[in-house]
Amino acid sequence: MKKLITGAIVTATALVMGVSALGATFSDVEGTAYAWAQSYIEDMADRGLISGYEDGTFKPGNTVSKIEAISLFARAMGSRSELNSKALEYAMEEYGDIVDTYDLNFGQEDVAYMLYRGALTQSEADSYLKGDTKNQPMLRYEAATIITKAMGGDGEAKRNLVLDMEYTDVSQIPSSAKKYVYYVTEKGIMSGMGDGTFSPKTSLLRAEVAVMLSNTVEAMDLSVNELVINSIDSTAMTINMSYPDSEAYDLAYTVDTRFYIEGVKSEAVEIPAGVRAVVNQVVDGILYVDVKSAIPDQEIYGIFKSYQNINGVLTVVVAIPNSTSTETYTCVSGISNIKKNGASATIRDMKDGDYVILTLSDGLVNAISAIDKTTTIKSATIEAINYNATTPTLTISHDDETYDGMVLEIGDNVTVQKDGEYLDMNSVYRGDKVTITLEYGVVSKIVAQSTKKTVDGTIRAVNISSEPTIIVLVNGEEVTYDVTTDVEITINGEPGTLYDFRVGDKVTLTTESNAVTKISSTAAQSTAGNISGTITAVNSSFGFIRIQAVDSAGSTYEETVYCKDGKTTFITAAGNSKSFKDLAVGNVVSAYGSITNGAFEATSVIIIS
Numbered sequence: 001m002k003k004l005i006t007g008a009i010v011t012a013t014a015l016v017m018g019v020s021a022l023g024a025t026f027s028d029v030e031g032t033a034y035a036w037a038q039s040y041i042e043d044m045a046d047r048g049l050i051s052g053y054e055d056g057t058f059k060p061g062n063t064v065s066k067i068e069a070i071s072l073f074a075r076a077m078g079s080r081s082e083l084n085s086k087a088l089e090y091a092m093e094e095y096g097d098i099v100d101t102y103d104l105n106f107g108q109e110d111v112a113y114m115l116y117r118g119a120l121t122q123s124e125a126d127s128y129l130k131g132d133t134k135n136q137p138m139l140r141y142e143a144a145t146i147i148t149k150a151m152g153g154d155g156e157a158k159r160n161l162v163l164d165m166e167y168t169d170v171s172q173i174p175s176s177a178k179k180y181v182y183y184v185t186e187k188g189i190m191s192g193m194g195d196g197t198f199s200p201k202t203s204l205l206r207a208e209v210a211v212m213l214s215n216t217v218e219a220m221d222l223s224v225n226e227l228v229i230n231s232i233d234s235t236a237m238t239i240n241m242s243y244p245d246s247e248a249y250d251l252a253y254t255v256d257t258r259f260y261i262e263g264v265k266s267e268a269v270e271i272p273a274g275v276r277a278v279v280n281q282v283v284d285g286i287l288y289v290d291v292k293s294a295i296p297d298q299e300i301y302g303i304f305k306s307y308q309n310i311n312g313v314l315t316v317v318v319a320i321p322n323s324t325s326t327e328t329y330t331c332v333s334g335i336s337n338i339k340k341n342g343a344s345a346t347i348r349d350m351k352d353g354d355y356v357i358l359t360l361s362d363g364l365v366n367a368i369s370a371i372d373k374t375t376t377i378k379s380a381t382i383e384a385i386n387y388n389a390t391t392p393t394l395t396i397s398h399d400d401e402t403y404d405g406m407v408l409e410i411g412d413n414v415t416v417q418k419d420g421e422y423l424d425m426n427s428v429y430r431g432d433k434v435t436i437t438l439e440y441g442v443v444s445k446i447v448a449q450s451t452k453k454t455v456d457g458t459i460r461a462v463n464i465s466s467e468p469t470i471i472v473l474v475n476g477e478e479v480t481y482d483v484t485t486d487v488e489i490t491i492n493g494e495p496g497t498l499y500d501f502r503v504g505d506k507v508t509l510t511t512e513s514n515a516v517t518k519i520s521s522t523a524a525q526s527t528a529g530n531i532s533g534t535i536t537a538v539n540s541s542f543g544f545i546r547i548q549a550v551d552s553a554g555s556t557y558e559e560t561v562y563c564k565d566g567k568t569t570f571i572t573a574a575g576n577s578k579s580f581k582d583l584a585v586g587n588v589v590s591a592y593g594s595i596t597n598g599a600f601e602a603t604s605v606i607i608i609s
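Numbering (the numbering used here), first residue to last: 1 to 609.
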């Protein structure tokens, strides 16, 4: 591995262009023949990209060497961004030996970065930097080539089939450079000499490079961010990404976007979901996506076995629940986010058998949270119970962030005590206050207490599934309740089912925490009803249609009409028999039936057109 050359950016830049002069005005620019470049020079100096000399001058008429120009434009494309430091390491590892052959006094990292990003080929670098060539002035056509590639525009430039340039000396531009001259001209990075020529083989001056650098920075509008890659759609060529713990969004990439996984150039489809990546984005899209580790961020739950600290590298060995295997995980250097039983701790406080949660980012452990092998968690609240997984789990909330959000495996022989009675897991509901005992991180005992209430409300929705829920309007607020497997339902004193309820039914619920154990309803007297209008929605899952109609005052309104095969007769205006599946949005219909508790249930639907 090549040693990464370090140092402040201003110091490195001083080797390229002189001495840093933030906020300075240069005595040999203002009021001179180079005043046209003054604002650009000062802007780039303020950003620390170019500098003046110790005597307060800028020397705008001096030429710029090839290595100076390459170094400057590499920095414009993010070579010195802190978030790109890992990419710079990979660049030096891969190209350090090649860069060494150029015997450079500065800019080694910048050249390696250009090679790594594909902005320079080795043959191009040889032509610019071998021997004393690196100290020769950069020519204008060479600058056009370097700038285009630094901006990630090589692909676009090559795809331009028509190069319509108005320079009078187009014939003097080397054929291999014409597409790049056209690109920088169209992007407003470079222009002619004022006499109609491009002057491709004229040496680049310091004043000119300040203007070009400023134009490049503005045109690119480079931003470098660390994001989480949620998914990649290679057909639509979009990346769904987000900042950690923030809302996700889609960003388009192009055929020219370069993807890297741990420093290796890769394809977009090879990037796994959930990984962190450094994204270099410009106005025209994404330039680079650098995945620092192919291992997604994750939490590992297990039993602590041992640790080792060799030469400052800390590793922990964890036994995986329901498995005979153990796994070894490496920690980030100087890991300090370690807790045990909610208090700050060190790795030496961990004991064989402790239940641990390892938080991994980029494949390395950056946080360890542990609790004793036999632990009691008091004052928790059940947030969710998942029986659908291979191993049933429950999720808890807690005022202590150590336990808040924990997902805990439910043991096969878990003991449940609720409201003073020994019951089973079916009696534990979302919202119950619990004390949980863990044995090696697995729930072995639950002592639960429910808040029991009787509430009156109006049904807003019924979700019939393997885990049914009911939404009820209570005191003006919609509340979602879980429906227990043994829920007792009575309608007018007779046994009923969830299928018997409609939106608008008045109900009395007996609840335990966030679960309903009893639902009772006294059906109101039905009244006859009919409605004619146009179907705006058809819901076969819940057996209803929505009809838009006009009332006697001429106002438009919509009505939900429940109708199902077997309970409702469907016919056409000509008398032909139909079924619910024949109904479609846009049909004009007349529905006849009864209205109970505000719910319209059709006995017949006539399809007019």
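Hints are computed from structural coordinates only; laboratory data are not their basis.
These numbers come from a predicted model, not from an experiment.
Take these hints with a grain of salt, some might be off.
Stated by the list, open to error - Ranges of calculated distance between the beta carbons of each label pair, as one might list FRET restraints:
{"hint": "1", "residue 1": "E226", "residue 2": "D412", "range": "55 to 63 Å"}
{"hint": "2", "residue 1": "V585", "residue 2": "D412", "range": "19 to 27 Å"}
{"hint": "3", "residue 1": "N230", "residue 2": "K201", "range": "48 to 56 Å"}
{"hint": "4", "residue 1": "R460", "residue 2": "T536", "range": "16 to 24 Å"}
{"hint": "5", "residue 1": "K378", "residue 2": "V585", "range": "49 to 57 Å"}
{"hint": "6", "residue 1": "Y422", "residue 2": "I571", "range": "54 to 62 Å"}
{"hint": "7", "residue 1": "Y422", "residue 2": "K564", "range": "38 to 46 Å"}
{"hint": "8", "residue 1": "K201", "residue 2": "E166", "range": "16 to 24 Å"}
{"hint": "9", "residue 1": "D297", "residue 2": "I571", "range": "56 to 64 Å"}
{"hint": "10", "residue 1": "A248", "residue 2": "D349", "range": "53 to 61 Å"}
{"hint": "11", "residue 1": "G493", "residue 2": "N230", "range": "46 to 54 Å"}
{"hint": "12", "residue 1": "V585", "residue 2": "Y422", "range": "50 to 58 Å"}
Unchecked claim - Pairs of lysine to aspartate or glutamate, EDC-like flavour, derived with a Cα cap of 16 Å:
{"hint": "13", "residue 1": "K265", "residue 2": "E94"}
{"hint": "14", "residue 1": "K418", "residue 2": "D400"}
{"hint": "15", "residue 1": "K130", "residue 2": "D100"}
{"hint": "16", "residue 1": "K564", "residue 2": "E488"}
{"hint": "17", "residue 1": "K178", "residue 2": "E166"}
{"hint": "18", "residue 1": "K373", "residue 2": "E409"}
{"hint": "19", "residue 1": "K445", "residue 2": "D419"}
Backbone N, C-alpha and C define an ideal beta-carbon position, used for all residues, glycine too.
Evaluated hints:
Taking 55 to 63 Å as the suggested C-beta distance range, the pair E226 and D412 does not conform, at roughly 42 Å. For the pair V585 and D412, the supplied restraint of 19 to 27 Å is violated, since their beta-carbon distance comes to about 50 Å. Roughly 50 Å separates the CB atoms of N230 and K201, a value that falls within the hinted 48 to 56 Å. At roughly 19 Å, the beta carbons of R460 and T536 sit within the given window of 16 to 24 Å.
For K378 paired with V585, a C-beta distance near 55 Å keeps the hint of 49 to 57 Å intact. Checked against the given bound of 54 to 62 Å, the beta carbons of Y422 and I571, roughly 58 Å apart, stay inside it. A hinted range of 38 to 46 Å for the beta carbons of Y422 and K564 is consistent with their spacing of about 43 Å. Range check, K201 to E166: Cβ separation about 19 Å, and the 16 to 24 Å hint holds.
In this structure the hint that D297 and I571 lie 56 to 64 Å apart at CB holds, the actual value being about 59 Å. The supplied range of 53 to 61 Å is broken by A248 and D349, whose beta-carbon atoms lie about 37 Å from each other. A beta carbon spacing of about 52 Å between G493 and N230 agrees with the range 46 to 54 Å that was offered as a hint. At about 54 Å, the beta-carbon gap between V585 and Y422 stays in the expected band of 50 to 58 Å.
Restraint check for K265 and E94: satisfied, since their Cα atoms lie roughly 12 Å apart, inside the 16 Å limit. Among the hinted pairs, K418 with D400 is inconsistent with the structure: their alpha-carbon atoms are about 23 Å apart, more than 16 Å. Simply put, K130 and D100 have alpha-carbon atoms about 11 Å apart, close enough for the 16 Å limit, and the pair holds. Restraint check for K564 and E488: not satisfied, since their Cα atoms lie roughly 25 Å apart, outside the 16 Å limit.
Our distance criterion of 16 Å between C-alpha atoms is met by K178 and E166, whose separation comes to about 12 Å. Pair hint K373 plus E409 holds up; C-alpha atoms about 14 Å apart against a cutoff of 16 Å. A C-alpha spacing of about 14 Å is found between K445 and D419, which places the hinted pair at or below 16 Å, so the restraint holds.
Hint violations for this structure: numbers 1, 2, 10, 14 and 16, all remaining hints satisfied.
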